[in-house]
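Chemist: Sequence:
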Amino acid sequence: MRSLLFAPATRPELVAKLPRSGPDAVAIDLEDAVPEAGKAQARPLARAGAAELLAGTAAIKVFVRVNGPATEHFDQDVAEAVPPGAGIVVPKLESSEQLGRVRVALAAAGLHDAPLIAGIETARGVHGVDALLGPPAVACYFGAEDFIADIGGRRTPGSAEVAYARARVVLSARVSGVCALDQAVLALDDEAAFLADAKRGRDLGYGGKICIHPSQVALAHRVFTPSQAEQKRARRLIATWEAAAEDTGAGVAVFEGAMIDEPALKAARAVLERAR
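Going by my numbering, the sequence shown runs without a break in its numbering and finishes at 312.
These are computed hints drawn from the structure, not numbers from a lab.
Hints may contain errors.
[Unchecked claim] For lysine-lysine, the following DSS-like pairs were computed, each having C-alpha atoms within a straight-line distance of at most 25 Å:
#1 Lys302 - Lys235
#2 Lys97 - Lys235
#3 Lys268 - Lys302
#4 Lys53 - Lys97
#5 Lys268 - Lys235
Note that the coordinates shown come from a computational prediction; the quantities given were computed from them, not determined experimentally.
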């Protein structure tokens, strides 16, 4: 998933428009976007919106973000708001016990095969992330805003204050074999800020990004899809490596003035695989 686009469950007109910007996945939100007093009324709206998207022709993954497992809303959200065929986004996941509760709730709702996106966005969540990315998790996201509020820090444009947590989450995702989605950018009208932040996330190893506005989807795809130039360079590097290996059998080669070895070859192949 290069993009996960959110819309509030209480805005059916926005939910219906989610596919228009071409995201890889969408999430109908019952958590941050819905006030406490409106949670119960939002559940049938989320279920109906997700079902409508699943019945459509757009080839996108559909998720419902429920309220966290530590809240009083969690069990009813899972039981009433997630239709068959949809996935579930669980925010502020913090412990293996909570992950077990998620599994029980999904089973009770008949959603045994529902894919899970785990929200890692608190100090406890980051600290114990390795235990949170087991089945049924297929992806996770790092929530910088909630994390920095929980830890008592201050947000800055360069995100240096979340550098460790951001890297910790993507490392665990890689080890666990799940997709990692990078933090949201709240500046909706600042394309340069989004691109810069997305590139930092891509450099860290993230495969996609949370999008909170349709205009951010194309920007995320631009960053997380290898460019034609990247693909051509990868093919040239692989060709150089293969020619050197055939000529000398050496484990290193010189490519465009720099030494390359096995990690460079692996990275080049990963670029082409991502492009496919």
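Chemist: Each hint: holds or not?
Modeler: Each hint tested on the structure:
1. Annotation: proposed proximity of Lys302 to Lys235 holds, straight-line Cα distance about 20 Å (limit 25 Å).
2. Restraint check for Lys97 and Lys235: the C-alpha separation of about 24 Å stays at or below 25 Å, so the hint holds.
3. Pair hint Lys268 plus Lys302 holds up; C-alpha atoms about 15 Å apart against a cutoff of 25 Å.
4. With a CA separation close to 14 Å, the supplied pair Lys53 and Lys97 stays within the 25 Å bound.
5. About 19 Å separates the Cα atoms of Lys268 and Lys235, which keeps this hinted pair within 25 Å; it holds.
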